[in-house]
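Each chain is listed here by its residues.
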Amino acid sequence: MKWGVVTFPGSLDDRDMLYALRDVMEQDAQPLWHKDRDLRNVDCVVLPGGFSYGDYLRCGAMARFSPIMESVVNFARRGGLVLGVCNGFQILCEAHLLPGALTRNRSLAFICERLTVRVENVNTPFTCAAQNGELLRLPIKHGEGLYVAPRDELRRMEDRGQVLVRYVNQHGEPSDDANPNGSMNSIAGVANDRFNVFGLMPHPEHAVEPMLGGDGGLRIFRSIVQSLA
Amino acid sequence: MYITPKRGVLDPQGRAIEHSLKSLGFHNVGQVRMGKYIELDVAAQSAEEAAGEVGRMCEQLLANSVIEDYRLEVEGA
Amino acid sequence: MYITPKRGVLDPQGRAIEHSLKSLGFHNVGQVRMGKYIELDVAAQSAEEAAGEVGRMCEQLLANSVIEDYRLEVEGA
Amino acid sequence: MSEHPAALPGEPRVDLEQALAHGLSEDEFRLIERGLGRTPTFTELGVFSVMWSEHCSYKSSRRHLAMLPNQGSLVVGGPGENAGALDVGDGWLAVFKIESHNHPSFVEPYPGAATGVGGILRDIFAMGARPVASLNSLKFGSFNHPRTRYLLGGVVGGIGGYGNCVGVPTVGGEVMFDDAYNDNILVNAFCLGLARKGELQSARARGVGNPVLYVGSATGRDGIHGASLLASAEFDQSSDQKRPTVQVGDPFTEKLLIEACLEAVKTGAVAALQDMGAAGLTSSSSEMAARGKLGIELNLDRVPLREPNLTPYEMLLSESQERMLIVAEKGREAELQAVFEKWDLHAVVIGQITDDGRWRVSWRGQAVADIPVAMLADEAPVYERPFAPPVRPSARTTAVKQRPAPAEALRRLLDSPNVGSRRWVYRQYDSIVQSNTVIEPGSDAAILRIKGTRRALALAVDSNPRACAIDPYLGAIAVTLEAARNVACSGARPIGITDCLNYGNPERPEIMWQFVRGIEGIRDAAAALDTPVVSGNVSFYNETQGRAIPPTPTLAMVGLSADLANCRGQFFRHPGDLILLLRTSNPALAASEYAAMFGGEGRLETIDLQKERALIDLLVTLAEARLISSAHDVSDGGLAAAMAECCFSPAGNLGAAVRVSAAGLDSAVNLFGEGPSTVIVSAPPEAARAIEHRAEGRGLECRRVGTVLNDPILKIDTEIEVDVAELRAIYEQALPRRIQAHG
Ligand SMILES: Nc1ncnc2c1ncn2[C@@H]1O[C@H](COP(=O)(O)OP(=O)(O)O)[C@@H](O)[C@H]1O
Ligand SMILES: [Mg+2]
Chain V
1 MKWGVVTFPG SLDDRDMLYA LRDVMEQDAQ PLWHKDRDLR NVDCVVLPGG FSYGDYLRCG
61 AMARFSPIME SVVNFARRGG LVLGVCNGFQ ILCEAHLLPG ALTRNRSLAF ICERLTVRVE
121 NVNTPFTCAA QNGELLRLPI KHGEGLYVAP RDELRRMEDR GQVLVRYVNQ HGEPSDDANP
181 NGSMNSIAGV ANDRFNVFGL MPHPEHAVEP MLGGDGGLRI FRSIVQSLA
Chain W
1 MYITPKRGVL DPQGRAIEHS LKSLGFHNVG QVRMGKYIEL DVAAQSAEEA AGEVGRMCEQ
61 LLANSVIEDY RLEVEGA
Chain H
1 MYITPKRGVL DPQGRAIEHS LKSLGFHNVG QVRMGKYIEL DVAAQSAEEA AGEVGRMCEQ
61 LLANSVIEDY RLEVEGA
Chain Y
1 MSEHPAALPG EPRVDLEQAL AHGLSEDEFR LIERGLGRTP TFTELGVFSV MWSEHCSYKS
61 SRRHLAMLPN QGSLVVGGPG ENAGALDVGD GWLAVFKIES HNHPSFVEPY PGAATGVGGI
121 LRDIFAMGAR PVASLNSLKF GSFNHPRTRY LLGGVVGGIG GYGNCVGVPT VGGEVMFDDA
181 YNDNILVNAF CLGLARKGEL QSARARGVGN PVLYVGSATG RDGIHGASLL ASAEFDQSSD
241 QKRPTVQVGD PFTEKLLIEA CLEAVKTGAV AALQDMGAAG LTSSSSEMAA RGKLGIELNL
301 DRVPLREPNL TPYEMLLSES QERMLIVAEK GREAELQAVF EKWDLHAVVI GQITDDGRWR
361 VSWRGQAVAD IPVAMLADEA PVYERPFAPP VRPSARTTAV KQRPAPAEAL RRLLDSPNVG
421 SRRWVYRQYD SIVQSNTVIE PGSDAAILRI KGTRRALALA VDSNPRACAI DPYLGAIAVT
481 LEAARNVACS GARPIGITDC LNYGNPERPE IMWQFVRGIE GIRDAAAALD TPVVSGNVSF
541 YNETQGRAIP PTPTLAMVGL SADLANCRGQ FFRHPGDLIL LLRTSNPALA ASEYAAMFGG
601 EGRLETIDLQ KERALIDLLV TLAEARLISS AHDVSDGGLA AAMAECCFSP AGNLGAAVRV
661 SAAGLDSAVN LFGEGPSTVI VSAPPEAARA IEHRAEGRGL ECRRVGTVLN DPILKIDTEI
721 EVDVAELRAI YEQALPRRIQ AHG
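Protein chains in written order, with this note's numbering: chain V, 1 to 229; chain W, 1 to 77; chain H, 1 to 77; chain Y, 1 to 743.
Simulated from the structure, these hints should not be mistaken for laboratory data. Any given hint might turn out to be false.
Unchecked claim - Label pairs and their calculated CB-CB ranges:
1. Ala625(Y) - Gln131(V): 39 to 45 Å
2. Ala565(Y) - Gln131(V): 29 to 35 Å
3. Asn74(V) - Glu73(H): 44 to 50 Å
4. His19(H) - Ser25(Y): 53 to 59 Å
What the hints assert, rightly or not - To give an idea of the interface, some chain V residues facing chain H are shown, with a C-beta separation under 8 Å as derived from the structure:
5. Tyr56
6. Leu57
7. Met62
No residue lacks a Cβ here, since even glycine has one placed at the ideal position from N, Cα and C.
So that you can see chain V by itself, here it is in the shape it has in the complex (with noise of 0.2 Å):
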């Protein structure tokens, strides 16, 4: 399969990506740039973290209408695995490609830390290498990833089960303690009702190597593997 990774004004995190998905995957993945339209025929497009346009106005706010993000939306529209990270996650909810919006953290602070999230519904493109109720350890690095959505598309997002993580405690289990920003129904990512669409603000991919504080992100990225083979 082949990967391609977007690179808007303002992505950090895209270097990174293509890193674990060339040099730790061993994986056919190549650089996309905000000003092109064409996709180049990839079968999974990855918009990475970082602060697009500086954030300046609304976190992805202002990459949503890049010329890339025109052929992303067709390309999600036809069926095409696309994955959003932390910024990324923030421009597919700008996109209208996910439902909801991501907000200022509730502490207001920036966070950098590793925590635990569970794995919600195996049945995705996205989650299929890993077992139901799975808990990964993967770091989050974000100001604003507080997830809302009106409570009664939250309901529905449950009910079809779009949200595909969510933080947990030691025990596994969703609690205040362990939800580093406030998220609602303490939702670390979610997928859209056809699930070709995911986003969610913690990192796999600086989750890839042992020796980097563990590879829980790999679940991830061998799951859109698995579900294109």
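Let chain V serve as the given structure and place chains W, H and Y with the ligands on it in line with the hints.
For chains W, H and Y with the ligands alone, coordinates are given in the frame of chain V:
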């Protein structure tokens, strides 16, 4: 133009400000809400035209309707 | 209350928004400045008293006089 | 353009009074007149006043800085360029520097600290190196001071706000709180970058006729060195509009600038590259020309402006952020402009390199400055300021208060804002972006791998103002050694230093004496360790109302490990491991946190540099032989606090049972004293003999003192037996509980 968090959406910044003000001794403050204020010049024939234009900017870019409300004010130049 | 960057102080937010609007095809926008908008309830006898109180809040906490200007508007309730 | 520059309409008259108002002395003003053979114009006067300021010219410190050793087999570039560079093997160079942003951060903590980070990054990528790690050293007043929380929040927010947004991980630093910094905080920012060998970019202009490109943000009236000018009524005629303003950072633009500059350097079309730091356009252009012994010509009409109607004076002195100057290879400017356009940045030809050794500036068809380059960049007066020890040494001896029992003292120390966990701070920093951070903040030193190799770099930054206040010479040695030990405990060999020297007013002989003694200390320690000082920064005038900060040299040490797998953190790892103590001399209560809290006397032990060197060597060898599981340097809070820290493993609490009492050594001194050097090592029992053997071979004391326990209990001698979870809770809460204390 004023962009404010929708009612019902958590406004941690507003809450933090309220808290700080109270601890500074301003006991008569009630709820604080914090939003954005954007000032821009638009070349337009009329106030209506300008408002329409800015409305479109808000819908498209400046405000996110999931979490924010907006309100416009136009001043002639 | 409106808090805006002082004239002459770099306003990267405003600049970025301007840039985005233009690239969205809003060619008639001029300079954009972005600031904060804070809405708060104050229990006070009169509009003057409320304004005075909020002015003090601005000086002490809400605005940073080195880089920001502020402006108040009072509405009776 | 051969005519002399003339006064511009409306410009103030230039005379001695005006020169004094610009902070120049009478002698300096006469020197300028003599050098030019005429009276400078107002614009030129402004230019001289910044270029000859202490900040730009190092006029008080230059002579003494020459004492610092800056040569070594790994040194590739040193003082003179924007940052120092060391060869770290496998074709890589480490480029690093530290710089102060004290005053701006005190006035405006968020933008002040943020622009400090931005500035040091530009020094690094100006060398063609990609910035890969930031560290910082912060000094605040005590929590009793009303502004401390505000300053702490603003500074940490600013460092994170900028660093997180440019994608350079902040991997370490230090924070201290002390009354001595109530009115003058310190914010020192360090950055390290990596460049390929042979691709180091110079800031030395070359090629007569080569075009000069201005790249990055547009110029505004930021930070124009105004204080003195505001006093000039004439200048202030158009009032508000001309007020010098605080610099605000724009990290998004900086990120684009990093990518664009590194891409530009790769084209080979860049002859010289320099950041516009203090005195922006003026210093960057004149320094580049001076290094190349050439001249330069600038046309201000082409400078991108953020607001209309800037005067030449303002354009030349503006300190707007996120700007760089490039000397391009003739004919290749379009190639460079295309790169900057790709990143949506300005890139404008504003001048060219000349052969006449003059710095010439024109505006609206008129000459506004014409000065010999050398006069600006190299010929600022150099002062031999008088120095003398103070009549009465300023040792801060505090009366001994009621001393708590050891277990209670340990709890109180772990609760001290100077000992407790720094997590509240570093949690706000992205420490993992770029995928190189092997040891994250929270251990003695940060470890970064160099991708594609087995190599790793260790980074630590340290200072010890309390020791420096008692003895500026021994204190500076202690600081250098501590930084080296922190690196060596992590398993890397210390290879180079950058230093930030924060002192008071150098015109006072006792301050100058502190400064000179500090440099002598660093010199002697650096020589003993074989670690050259390849870059640095001096910050004088850190005083308010005649009260100077304690002498605060801040040292950043870079270490190198040939094999990442040898690197270690400070935390115990395996229950059953033996715990050993390596010691070069007895600790002392002088300058300790214990003495600051409970009183104590004030003399530092002398330091045996050969022994200290032997300890560093031993630590590196032990790591290379993979004999040890962990190593932790004893510093703030002494041995007991360090032992507790070893138990606070990120993977979960462990315990320890040790007997550390030593004959003839008071137990409080032993448990809570500080000073070179004690290191706590843990190792599998079967390695103990080999460790002792190597220590003996170097004449170092090595004692088996106990074992690592699975049970989270800390037992020290018969005096301390406490639950590690309790200690850890105290340690973790030390900062948060104070910060939250008042909203
Ligand atoms: N300002 C800071 N920024 C980032 N990390 C910090 C900062 N201050 C301290 N740290 C980290 O916290 C840990 C403890 O710091 P410190 O007590 O000064 O260490 P030591 O005494 O071993 O030199 C170190 O890992 C250090 O890098
Ligand atoms: Mg240490």
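### CB-CB spacing for Glu73(H) and Asn74(V) relative to the 44 to 50 Å hint
45 Å, holds
### Message
Under 8 Å is the threshold here; is the Cβ of Met62(V) close enough to any Cβ of chain H for the hint to stand?
### Response
5 Å, holds
### Query
Holds or violated: Tyr56(V) as interface residue toward chain H, Cβ cutoff 8 Å?
4 Å, holds
### Task
With respect to the beta-carbon atoms only, verify the hint that His19(H) and Ser25(Y) lie 53 to 59 Å apart.
At 46 Å between Cβs, range violated.
### Task
Against chain H, run the beta carbon of Leu57(V) and see if the smallest gap drops under 8 Å.
Because about 5 Å separates Leu57(V) from the closest Cβ in chain H, which is inside the 8 Å limit, the hint holds.
### Query
Okay, Ala565(Y) versus Gln131(V) on CB: inside 29 to 35 Å?
31 Å, holds
### Query
Ala625(Y) and Gln131(V), beta-carbon distance inside 39 to 45 Å?
Given range 39 to 45 Å: holds, Cβ gap about 41 Å.
Taken one by one, the earlier hints fail for this structure only at number 4.
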